[in-house]
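There are 2 protein chains.
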Amino acid sequence: MPDKTPDQPRIAGVSFSLYPMCDNFVDLILSAIKKVDSSKVWMKTDRVSTIVRGRIPHIFDVTQAAFLEIAKTGEHVVYSATFSVGCPGDTEGHAYMDADEKTLNRELIEAVDQNLSAKFALYPMGGGNYMDPIYEQIEAMKDHGVDVELTHYETMLEGAAHNIFNGLQSVLQAMEDAGSSHTVMAVTLSANSPSA
Amino acid sequence: MPDKTPDQPRIAGVSFSLYPMCDNFVDLILSAIKKVDSSKVWMKTDRVSTIVRGRIPHIFDVTQAAFLEIAKTGEHVVYSATFSVGCPGDTEGHAYMDADEKTLNRELIEAVDQNLSAKFALYPMGGGNYMDPIYEQIEAMKDHGVDVELTHYETMLEGAAHNIFNGLQSVLQAMEDAGSSHTVMAVTLSANSPSA
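Taken in order, these protein sequences are the chains called A and B. Residue 21 in the working numbering sits at position 21 of the first sequence; the count goes up by one each step and never skips. Converting from the second sequence to the working numbering requires adding 196 to each position, the first position being numbered 1.
Incorrect hints may have been included.
Stated by the list, open to error - Cross-link-like lysine-lysine pairs, in silico, DSSO-like; alpha carbons within 27 Å at most:
#, chain 1, residue 1, chain 2, residue 2
1, B, K298, A, K44
2, A, K142, B, K240
3, B, K240, B, K298
Hints are computed from structural coordinates only; laboratory data are not their basis.
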């Protein structure tokens, strides 16, 4: 079965974790996960992170909503995620690709006004000219109203959560639309940091 | 100036963060950083993470020691890191490459007996056969007494902190010895997790 046809996008996925820096971290995580509607994604938590797989809009929607549910408490919380599309051997869970594009958690997300400090890195795998799409996507991030600053190994972002998530989702979608065979994107988002 | 000569290894670096899941996270981080001898690395903290750059043994030594200083308190703490060697444009800080290989924090590290759940992913950039070295290095990890389990997008590890850090350092060194032009390795280490 081919991974991609003109009518069917490829399955995308993310290994993500939420790190609330407070004593009641377990309650905050469980309560956030419970409030989020994850019925359009494949989801599994292991000892280190949670894997969420499905269509690109849904994996962003679900993880963004869970993160903002914790961020809105005012506690310092970090969202750490590795997105992947086209990873060789990644096939399980294709059923979720029949879901339509309508995201399920916009209400939760839009209720939270949150500034973030962030870093992201793009890893286009398997090609020799991989730096060109990286620089293009760093430039494209600026169109989303996000402050962009180059630093070692990653790109630093500063701005509203909605803008940063929109920008990151656009980066992954743009790589996919451009025909990248295997794209990895690493993201760290920090809310309510005392060092901000 | 060439990045690499037969006598001089290339500068390696890591963008890393420590996430203690407790109310006194700031004190734990500051106190750990203070105890660690980082005189053989270039180090800079920004709003999202800390960049540590220098020779491979030292970037592992410094970050491992800081992590274990927090882990030994018994609090749940996560070490999240992206290692990089050969990133185009990465030149600043070459002075630290004159340091010898003697690591400075072995005493701190060896005093802590800690089990970890972990994930790692290797991203050899710029080449078409990038999956081969990934599978080789996943196999090599087993030689370090670490339990290895395949999962989506990353490889799960379980074992003693010393074994896991030795394994990860060996992976990065092996990629460098094999002549990889640009290697990225993402690592998440979890200590004292209530879900373990």
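Against the earlier hints, flag every one the structure doesn't satisfy and list their numbers going up.
Those not satisfied come down to hint 1.
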